[in-house]
Amino acid sequence: MKKINVNEIRKDFPILSRKVNGKPLVYLDNGATSQKPQVVIDAINNYYTNDNANIHRGVHTLSQAATTAYEVSRKKIQTWINAEHSEEVIFTKGTTDGINLISNAWGRSNLKKGDEVIITEMEHHSNIVPWQMICDEKEAILKVIPINDSGELLMGEYKKMLSSKTKMVALVHVSNALGTINPVQEIIALAHEVGAKVLVDGAQQVAHAAPNMRDLDVDFYVFGLHKMFGPTGIGILYGKKALLYAIPPYQGGGDMIKTVTFEKTTYNELPFKFEAGTPNISAGIATAAAVDYITSLNWDEIHAHEQELLDYATVELKNIKGLKIIGEATNKASVISFVVEGIHAYDIGVIVDKMGIAVRTGHHCTQPLMNRFGIQGTIRASFAFYNSKQEVDLLIVALNRAINMLS
Amino acid sequence: MKKINVNEIRKDFPILSRKVNGKPLVYLDNGATSQKPQVVIDAINNYYTNDNANIHRGVHTLSQAATTAYEVSRKKIQTWINAEHSEEVIFTKGTTDGINLISNAWGRSNLKKGDEVIITEMEHHSNIVPWQMICDEKEAILKVIPINDSGELLMGEYKKMLSSKTKMVALVHVSNALGTINPVQEIIALAHEVGAKVLVDGAQQVAHAAPNMRDLDVDFYVFGLHKMFGPTGIGILYGKKALLYAIPPYQGGGDMIKTVTFEKTTYNELPFKFEAGTPNISAGIATAAAVDYITSLNWDEIHAHEQELLDYATVELKNIKGLKIIGEATNKASVISFVVEGIHAYDIGVIVDKMGIAVRTGHHCTQPLMNRFGIQGTIRASFAFYNSKQEVDLLIVALNRAINMLS
Amino acid sequence: MINERQDEVIEEFEMFEDWMDKYEYLISLGKELPLIDESKKTEENIIKGCQSRVWLAADLNDSKIQFTADSDAIITKGIISLMIRVLTDSSPKEIMETELYFIDKVGLKEHLSPTRSNGLVSMVKQIKMYAIAYSLKV
Amino acid sequence: MINERQDEVIEEFEMFEDWMDKYEYLISLGKELPLIDESKKTEENIIKGCQSRVWLAADLNDSKIQFTADSDAIITKGIISLMIRVLTDSSPKEIMETELYFIDKVGLKEHLSPTRSNGLVSMVKQIKMYAIAYSLKV
Ligand SMILES: Cc1ncc(COP(=O)(O)O)c(C=O)c1O
Ligand SMILES: Cc1ncc(COP(=O)(O)O)c(C=O)c1O
Chain A
1 MKKINVNEIR KDFPILSRKV NGKPLVYLDN GATSQKPQVV IDAINNYYTN DNANIHRGVH
61 TLSQAATTAY EVSRKKIQTW INAEHSEEVI FTKGTTDGIN LISNAWGRSN LKKGDEVIIT
121 EMEHHSNIVP WQMICDEKEA ILKVIPINDS GELLMGEYKK MLSSKTKMVA LVHVSNALGT
181 INPVQEIIAL AHEVGAKVLV DGAQQVAHAA PNMRDLDVDF YVFGLHKMFG PTGIGILYGK
241 KALLYAIPPY QGGGDMIKTV TFEKTTYNEL PFKFEAGTPN ISAGIATAAA VDYITSLNWD
301 EIHAHEQELL DYATVELKNI KGLKIIGEAT NKASVISFVV EGIHAYDIGV IVDKMGIAVR
361 TGHHCTQPLM NRFGIQGTIR ASFAFYNSKQ EVDLLIVALN RAINMLS
Chain B
1001 MKKINVNEIR KDFPILSRKV NGKPLVYLDN GATSQKPQVV IDAINNYYTN DNANIHRGVH
1061 TLSQAATTAY EVSRKKIQTW INAEHSEEVI FTKGTTDGIN LISNAWGRSN LKKGDEVIIT
1121 EMEHHSNIVP WQMICDEKEA ILKVIPINDS GELLMGEYKK MLSSKTKMVA LVHVSNALGT
1181 INPVQEIIAL AHEVGAKVLV DGAQQVAHAA PNMRDLDVDF YVFGLHKMFG PTGIGILYGK
1241 KALLYAIPPY QGGGDMIKTV TFEKTTYNEL PFKFEAGTPN ISAGIATAAA VDYITSLNWD
1301 EIHAHEQELL DYATVELKNI KGLKIIGEAT NKASVISFVV EGIHAYDIGV IVDKMGIAVR
1361 TGHHCTQPLM NRFGIQGTIR ASFAFYNSKQ EVDLLIVALN RAINMLS
Chain C
2001 MINERQDEVI EEFEMFEDWM DKYEYLISLG KELPLIDESK KTEENIIKGC QSRVWLAADL
2061 NDSKIQFTAD SDAIITKGII SLMIRVLTDS SPKEIMETEL YFIDKVGLKE HLSPTRSNGL
2121 VSMVKQIKMY AIAYSLKV
Chain D
3001 MINERQDEVI EEFEMFEDWM DKYEYLISLG KELPLIDESK KTEENIIKGC QSRVWLAADL
3061 NDSKIQFTAD SDAIITKGII SLMIRVLTDS SPKEIMETEL YFIDKVGLKE HLSPTRSNGL
3121 VSMVKQIKMY AIAYSLKV
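Chains as they are written, first to last, in this note's numbering: chain A, 1 to 407; chain B, 1001 to 1407; chain C, 2001 to 2138; chain D, 3001 to 3138.
Chain A with its partners taken away, still in its complex shape (with noise of 0.2 Å):
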């Protein structure tokens, strides 16, 4: 397969030929963030600086403006998504909030004493406490798909804990920790049979993929901009119109009402009822230019460059006594969690950043996951299609330096 130019890519990222610590930068925490490229940030500028205004009510010119922008991009991820309406594509401040709508708004309506919603043991925990918080309202029951010692989910284990009592199953996609691909297909499939809802956590799924809302046939899908070559504090909420449609709206303002009397409140279509509020206009606008810079790649090649980067370093690490790989599931993104014998991942962490690389240490949000490998928690490389394979070698060295001053 004819390969991806890595440094022709990377001066789209103007962040990535800066320096740290007197070092060049290696940017290897894309899992908490990635970085964006100049066209991202030159809408975002240029909406400031050209036209800025409130949308949705405004007559004049600005105002139209900005509100066709912010709408275009909508279409985008539509498009991008493939989902059947523009109005299933609901902005959101971020994966986090996208849970959090339909835990509250899906779940105050729909779940009931004795009801079971199922979760993994691999979930952020973004999708662990809002659904401990309403079924703990609701009198409804948790429960929790296991794994094996791969990362990888008990599909038995699934099949039987699924009933006519199941009404969510809510699961991520790509584990952040692990990075584990789940077969969402199959899942969401399974639990349609017993009729009840998915909802998958995309976050860390956009990064590497589109994924395809009408092949996967979810009912809800969530995920955020700022991890996706996006802007901060935006996100998207997928889902069915039949059950947006349904569901009572979640925050009460502007934008998400018809009519207002003190007696009676009649709420707006989709997709602004669930929509309250001045949104994150400047980075709304932005998400056009983000989608369109990721369409404008090749994915096929970035795939192959992803999984070459990979197994690269999954064998370059391996070589490195001690270190130990949590997460070994054979459909993996280009995530790599570790732990080094004896060693803190903190400590580890510090010294690699004095070397100018970046990666993430601690428990990744997922503490129930680190108390299923006895761990308090890992260090991450997670690689994005900037990344090289220079970049891998250069994390090898500094963490052959880092652990020969540790141990």
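Everything labelled a hint here was simulated from the structure, so no lab data went into it.
Please note that the accuracy of each hint is not assured.
[Stated by the list, open to error] Capping the alpha-carbon separation at 20 Å, the derived lysine-lysine pairs in PhoX-like fashion look like this:
#1 Lys2048(C) - Lys1023(B)
#2 Lys258(A) - Lys2125(C)
#3 Lys2048(C) - Lys2093(C)
#4 Lys1138(B) - Lys138(A)
#5 Lys3128(D) - Lys3048(D)
#6 Lys2093(C) - Lys258(A)
#7 Lys113(A) - Lys1264(B)
#8 Lys3022(D) - Lys23(A)
[As the list claims (entries may be wrong)] Ranges between beta-carbon positions, derived for each pair:
#9 Asn1050(B) - Met3129(D): 33 to 41 Å
#10 Arg2085(C) - Leu243(A): 53 to 61 Å
#11 Glu2097(C) - Lys3(A): 46 to 54 Å
[To be verified] Partner residues are not named here, just some residues of chain D that face chain A (Cβ under 7 Å, in silico):
#12 Asp3007
#13 Glu3008
#14 Ile3010
#15 Ser3063
#16 Ala3073
#17 Thr3115
Where a beta carbon is used, it is the ideal one built from N, C-alpha and C, also for glycine.
Starting from the known structure of chain A, arrange chains B, C and D with the ligands on it as the hints suggest.
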């Protein structure tokens, strides 16, 4: 009093030199959103170009720098609003989000059947609908303080409403549709006498003066940065520490927890308990630039200038035949709403826009207030400190021309 | 037929030198006789834009649809008047198949943007709905 | 007394040429004898940073506070070792009044930033709390 140099100040705002429909932009829609000085745009730009990283959890240099910058913004806001503790400053998505947070998290844990929540007849939908929703759920009663024909609260009626049943008084500091500045300090003191809490919607206040938390002795105060010359998608909820401490969290997710197990989750300290998920980092960081910018200005001069604009525009508008100002409170911010006999606000908005004038038309998300005055909507000119008397003149010329065409 | 009338309107608008002339013409159209019978201004026939209200009624006569409509905003009403002139007295099929290009061509596209809160977009949708409904009856 | 010890540490660090030397020294400090009695590593004495855990105990002896502390991260432990060297065996009043400037001066300020999740900041807060508490007893 010394006059501010509007021409100089305008240079700080790049958009103010653009043209609209071939005419210089006259931006009089500051009530909807304000324009941004270059320093705010630069701060966002600089973050994405040089420092972009996720915050609060990373050990590496970029993450530390971003976290520090984000927390600096919190402190700047604290100082600006004279809050006692920095953890009383919660970052939200905006005014609407802040009100929903309180109506939800405070309301769910504090309201019960028969309790009373008092709002006013001039509230924005964002301070009506959330209270309708929670009162509905809790079978609490929503009471409404009426206003007089000038658009001032009937304080006598308010006093009569107060009782031991009153649990919350939620009102707007400065009315977005009328300009009325409410006597919030007195209202708060009266509410406290019966043991009620007070939430003040400061969305329109913050463009005209810094609200003082300790002087007001307010329990909750909300506003958004986009109306105070800062970025979109970020707002502030101030809450008294003891109250915030006692309220359960609103959203669940990353950052807002201390420990998570499937059996039991403990929540993080303030302010993080209320800040689930990756926040709007770029906007959070640029908040400091917005606060620095406005505190660098001479606000005594600005008050005088805004008063002059208000007085001048009021006189000039009243000279127009058939024009009626809606909202003539003694204590008024630089916001003027008006209607023209026999002409639809929308038509005027469309025509003056052709002449480069951006005003807002419609119900301004205050439908009950419009009903009170028996109108569908108004035309609203809302001034910021960068507006000039010449711009008022241009507005008057454009209005006369529009009325001419339309009558 | 519809397209002929569209082209007619486009030609008419070519005379106008600037936006002033154009809007003055629109306003004069808006001011002319009522475009709808007062009795038809019912809650049922109303289309609520956020800012202006639009009323729309459709009757079938001799296999052709007669549209009548109105708005409380005069510019909106002017545009409605053009639309009725173009569309009324056409068969459901014609209406279903037509593409309303004249609005764009005469420089009034902004008023038909889905982000406008004047109710016109919903009106056009509603017109198509009527056409579909009546096409089943014809 | 405390300041003398701070200055001593600062002088020591002036020898180091680069971050490597400095961190190697810190790590070696971290590796030395336990800084706290295993029996004192209780739930009560733990300070939970998001990433590393810190244990801290304080005892009053002869009107002077003895601090012992530990961490599971070795760099954190190295810094703790410096802090104990500087602070221990001081009177509550001294500790209350002291300003810990050496951390900044030796170029380790980043570790004491309130945004760090290593638990050190909470530890310093806790040290001051102990000092206040004991000052009431002395
Ligand atoms: C008085 C008032 N309250 C609340 C809001 C809602 O603010 P936002 O839309 O920024 O959430 C606004 C702004 O439209 C307002 O003017
Ligand atoms: C798998 C997963 N889910 C949810 C989240 C939460 O996303 P956000 O913090 O952007 O709301 C993250 C990111 O940290 C994640 O990796």
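When the hints from earlier in the document are held up against this structure, which numbers fail?
When the structure is compared with the hints, numbers 1, 3, 6, 10, 12, 13, 14, 15 and 17 turn out to be violated.
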